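Visitor: With chain A held as given, fit chain B onto it using these hints.
Number of protein chains: 2
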Amino acid sequence: MKKAVIIGMGFGGLRAARALSGKGVEALVIDRRNFHLFQPLLYQVATSFLEQEHIAYPSRALLRTLKGINFRLGEVTGVDLNNKVVHLADGDASYDYLVMAAGSVTHYFGMKSIEEQSFDLKSLDKTVRLRTHILENFERAAREPDPAKRHALLTFVVVGGGPAGVEFAGSLQELIRFELVKDYPCLDIADTKIILLEARGSILPFLPEKQRTYALRKLSEMGVTVSLNTQVSGAETGKVLLANGSHIPSHTILWSAGVQAAPLAATLTIEKGAAGRIRVEPDLTIPGHPEVFVVGDLAFLEQDGTPLPMVAQVAMQGGAYAGTTIHKRIKGLPVAPFRYFDKGNMAIIGRNTAAVNAFGFFKFTGFFAWAAWLALHLYYLEGLRNRVMVGINWFCNYFFRAQQIRVISTPIAVKEDVEPPKAEIVSTVQSG
Amino acid sequence: MKKAVIIGMGFGGLRAARALSGKGVEALVIDRRNFHLFQPLLYQVATSFLEQEHIAYPSRALLRTLKGINFRLGEVTGVDLNNKVVHLADGDASYDYLVMAAGSVTHYFGMKSIEEQSFDLKSLDKTVRLRTHILENFERAAREPDPAKRHALLTFVVVGGGPAGVEFAGSLQELIRFELVKDYPCLDIADTKIILLEARGSILPFLPEKQRTYALRKLSEMGVTVSLNTQVSGAETGKVLLANGSHIPSHTILWSAGVQAAPLAATLTIEKGAAGRIRVEPDLTIPGHPEVFVVGDLAFLEQDGTPLPMVAQVAMQGGAYAGTTIHKRIKGLPVAPFRYFDKGNMAIIGRNTAAVNAFGFFKFTGFFAWAAWLALHLYYLEGLRNRVMVGINWFCNYFFRAQQIRVISTPIAVKEDVEPPKAEIVSTVQSG
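Sequences listed follow chains A and B, in order. Going by my numbering, the first sequence opens with residue 459, and the numbers climb by one from there. Going by my numbering, the second sequence opens with residue 459, and the numbers climb by one from there.
Next comes chain A alone, as it looks inside the complex:
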């Protein structure tokens, strides 16, 4: 029986595994985490809207229902393309067919200081640390008598005007405006500030002009300061440095200004495209290796003159294509080249506020776009139970503004990100 190995349990890897299920192939899915993470909702974990466990689904629970698919928790250190072996930190796994769906990591463009001092929305544990960091900054601000220091603690800088950055900024603003101000009567809402920095001339570039303007207006109305054509050059403790020489006093940077191929790509001596992505043939295979597929963020393929974007849609379609194609190859059936079908784009800014651009001709904003966004994300979430739980959370948040996950649950993990508490303090009894 043919053996397949799938590297990565993200959107691409999961779809590849499903396509291979019951097709007479013995497949092993390898991931360094034991769960499938629904990354698009990570920002809501960071802002206390969702429990971390509700967007993470155990990989074994997803795969055990698939015929012939096994799971292995492990870190892939490299791939021997000639001997068809995947190397892990603790062993090897041989294959007849390989699907590389390792995804992407944050791109810091060589800025070490940013890499060390910023947060991103790529992993669950780091996101929970961001939530902890935000809440701890409010606690520290509550006992900080120096207005300037307090202001810096309550200034949150978001770098990158893509969906992640915009959604996080809007969501954080709602957390602060509707929950945290009530939690900290001693703090003035005017002390808090969310600054969204975008290097280019507009946010959400993939949306039509009209919707970009809408998003920009809504963010401003919500109180988020958006600064376009503004580049970040680095960070110091309590400072975000800008390319124009000025700086912003802040202890929190969310970096969502770029992604690049996962480190696995760099370990392979094959041609790369932009962002270190592996150049693939029209059938998503590596040149000279028709048995090795690369899908999702890890793959670089141009379609109609433009590279496929690094988004979930591309990974899902690519993963499904790879799985089906492996089956066809084994059966000796003809294989058509991969063709990405763009269903459109959407972004949520706040309650009743979103922009949808579906199939290039359904363009709408406001409540219906917002409802469509929620519905679609619930649909793509894995597992009925998680859908129910997330649905209840959204319902409670919408009608009762009940964001009750403001829990500093990982004080140990977060230590590294937090400065020692200030020496001088004001008792909240006086200031409360």
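Note that these hints are calculated values from the structure, not bench results. Please note that a few of the clues may not be correct.
For chains that are exact copies, the list does not tell them apart, and a pair is met inside one copy or across any two.
As a list, the in silico DSBU-like pairs of lysine-lysine whose alpha-carbon atoms are at most 35 Å apart [stated by the list, open to error]:
| # | residue 1 | residue 2 |
| --- | --- | --- |
| 1 | Lys607 | Lys461 |
| 2 | Lys607 | Lys460 |
| 3 | Lys640 | Lys460 |
| 4 | Lys697 | Lys580 |
| 5 | Lys525 | Lys640 |
| 6 | Lys542 | Lys697 |
Quick caveat: nothing in here was measured; it's all calculated off a predicted structure.
Guide: For chain B alone, coordinates are given in the frame of chain A:
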């Protein structure tokens, strides 16, 4: 206006704060965590039954609705009884009245090796690490070819036959029997073992003889090995050492064999009772300090010849009493001594299996006891949303056996507990 300080946001501290709300007292609640933790359900977080955030409720959210009550996140380092000042790691807080409700910590009876290598069910982050540890042991067992080593990885030792130990053992057995065996087709259920060690001659000593026998029988029927009159003397990596000279090969120890007063008690040079608890007057105050109340696990008081037990009930009643008494003292009203009313005891063993002993005359077991246990715990859980969420979880677990929180969410925090993965492995493709 009189100032009160409440140390601890557990069952006692919260009840004291509520009793003082709107009574013309300015109270400051201090806790090192920013949430009120519902400890009785921690074991269900450890066994993937409940999300960690569902039994933790933000302290500020609970207190902001109370008039005159403020919160401060901070570590209490000591109390100056003569100058009426509470010392924190980062400042001081003065008081006219003080309520010490710092609770208890695990008692290792001087066994350093146990303290270093065991888990307990006292804090949220450590409990999540226990969940991670259990799941990682299964992952390691899945790629462990040596039967003896595999067996040790899948042997879980629970020390202490109190409610926490019994409930954890039963719950873990359900997780393994109904979920993990499906997750790991390559593992044999016969490889897994849960051993409950109790130093005394019986488990759940606070229950009547008949119910103790019932619990013991049910645990055995579920496949939990209960070993009475068995004392633990220490631990080595992969080994639990017994006083009789033998040992049990295991990588997991849950220590629930004893608790003692929180370290705060030791910082005070006043008379202590058993387990380092502070001896208090019949009105729960420290001798010579009618303005200082000690409640819950921290306080030692004999009633009808026996010391009050270290349970939530005592803390709740003591906290409420302290709050009301402070108000009465200020108003110059007469104060009756504290009188603990024991509503009874209960313990859950597994689905449809529990024992209830209410008010000393309602004694029943089985389904109705189980239902009563769930209902009572839902009732005492803080917040409607948490009740709904926990209710849904229990519903799903009961009818669909959906324990989907098998997420290794804190690989960083857990590193310390986990040995480096084995070098030799078996691919789950072969064994799966």
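Visitor: Determine for every hint whether it applies to the structure shown.
Guide: Hint check results:
In this assembly of identical chains, Lys607 and Lys461 lie within 35 Å of each other by CA distance solely across copies; the values are 28 Å between and 59 Å within a copy. For the identical chains of this complex, Lys607 and Lys460 are inter-copy neighbours only, at 31 Å across copies versus 62 Å inside a copy, given an alpha-carbon limit of 35 Å. With identical chains, the CA atoms of Lys640 and Lys460 are at most 35 Å apart between copies only, with a shortest distance of 24 Å across copies and 60 Å within one. For the homomeric pair Lys697 and Lys580, the shortest alpha-carbon distance inside one copy (23 Å) is at most 35 Å, but the shortest distance between copies (38 Å) is not.
Taking CA atoms no more than 35 Å apart as the test, Lys525 paired with Lys640 passes between copies only; the shortest distance there is 13 Å, against 51 Å inside one copy. For the identical chains of this complex, Lys542 and Lys697 are neighbours neither inside a copy (48 Å) nor across copies (40 Å), given an alpha-carbon limit of 35 Å.
This entry does not satisfy hint 6, going by the numbered hints stated previously; all others are met.
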